[in-house]
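Next come the chains, spelled out residue by residue.
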Amino acid sequence: MTKRLMIVDDSPVMRSFVRRTLEIAGFGIEHCAEASNGAEALEKLSAIEVDLILTDINMPVLDGEGLLRALRSDPELSRIPVVVVSTDSTDQRVDSLMGLGARGYLKKPFLPEKLSGILSGILPDWEPESEGDF
Amino acid sequence: MNTNTETGAGSGTQVTARAECEAALIEVLETMFFELPADGSTLAGAPPGAAIAVTAAFSGDLNGSLSIASGFWAMRRLAASFLGREDESTVTEAEIRQVACELANMVCGNALSRIEPHGRFRIATPELCMPGPGSRRWITFPLESGDISVTLEAGS
Numbered sequence: 384m385t386k387r388l389m390i391v392d393d394s395p396v397m398r399s400f401v402r403r404t405l406e407i408a409g410f411g412i413e414h415c416a417e418a419s420n421g422a423e424a425l426e427k428l429s430a431i432e433v434d435l436i437l438t439d440i441n442m443p444v445l446d447g448e449g450l451l452r453a454l455r456s457d458p459e460l461s462r463i464p465v466v467v468v469s470t471d472s473t474d475q476r477v478d479s480l481m482g483l484g485a486r487g488y489l490k491k492p493f494l495p496e497k498l499s500g501i502l503s504g505i506l507p508d509w510e511p512e513s514e515g516d517f
Numbered sequence: 073m074n075t076n077t078e079t080g081a082g083s084g085t086q087v088t089a090r091a092e093c094e095a096a097l098i099e100v101l102e103t104m105f106f107e108l109p110a111d112g113s114t115l116a117g118a119p120p121g122a123a124i125a126v127t128a129a130f131s132g133d134l135n136g137s138l139s140i141a142s143g144f145w146a147m148r149r150l151a152a153s154f155l156g157r158e159d160e161s162t163v164t165e166a167e168i169r170q171v172a173c174e175l176a177n178m179v180c181g182n183a184l185s186r187i188e189p190h191g192r193f194r195i196a197t198p199e200l201c202m203p204g205p206g207s208r209r210w211i212t213f214p215l216e217s218g219d220i221s222v223t224l225e226a227g228s
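Quick note, the sequences are listed as chains A and B, same order. In case it helps, our numbering puts the first sequence at residues 384 to 517. In case it helps, our numbering puts the second sequence at residues 73 to 228.
So that you can see chain A by itself, here it is in the shape it has in the complex (with noise of 0.2 Å):
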């Protein structure tokens, strides 16, 4: 089973940081569309379609709330489940971000095991395939 995500961080590096994580822990990616922040992601969305959004939280532009409140507010996108990666994990944050649909938190620095386990429980068929050697 393949799945298609988008990353959106404003950082490359961490964007190649996850796809390659996930890839080593052997999940399935038949497409990854990036963007840099909220509002390149939605402009993207209008062209392709994702099975998953992985996003941070500050972001210059249109930033990780703001991309889940448009998200919400649309019919075909908000059926897209988002997971939030971010240093900003404190209880109220978490609370916010999940109320407006979010349906996971990983806080960085994360273990790869963290992230498979929430992708896991979001996506059930979307098992790993293989074991990963980090």
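Treat the hints as calculated values from the structure; they're not laboratory data. Since the model is a prediction, treat every value here as computed from it, not as a measurement. Keep in mind that a hint or two might mislead.
[To be verified] According to the in silico footprint, chain B covers these stretches of chain A (three or more CB under 8 Å from chain B):
hint, segment
1, 474 to 481
2, 491 to 502
[As the list claims (entries may be wrong)] One side only, chain B facing chain A, incomplete, derived with CB under 8 Å:
hint, residue
3, Ala91
4, Met104
5, Gly156
6, Arg157
7, Val171
8, Cys173
9, Asn177
10, Gly181
11, His190
Glycine is no exception: its CB is placed at the ideal position from the N, C-alpha and C atoms.
The hints should help you fit chain B onto chain A, whose structure is shown.
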């Protein structure tokens, strides 16, 4: 509340800040960079020979900044680990800078969550800086390929 990484003033907050900065740096390096710092950090002025320094400013319940500094080779090795490159020479200078910024971002967020577990903060995009002389005290850890230093200054 004022907090920094300097000791000697008898302030519990200051001691906690040093301990939490150390813990944050160690956790980030071990988890995301697969790098285990050697035991024994030192506390001193601006690290000599630091080729790369990055500052992440933060605001909210505490206002201030956290800075990271290291030599070029140490940061290139960290960048190679982060990016999964076996050949360090393939890591570009731009990638080294980007990884240094991400490292500062993660250490800053981690340290703040330890100092003020229920606080609210916003961390600005980290920027390159110069670790010039000043009153800041830096915590330095030896890594296999050189030292890495961190300092934090904050006030309410």
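Exercise. Which of the listed hints are not met by the structure?
Worked result: Structure breaks hints 3, 6.
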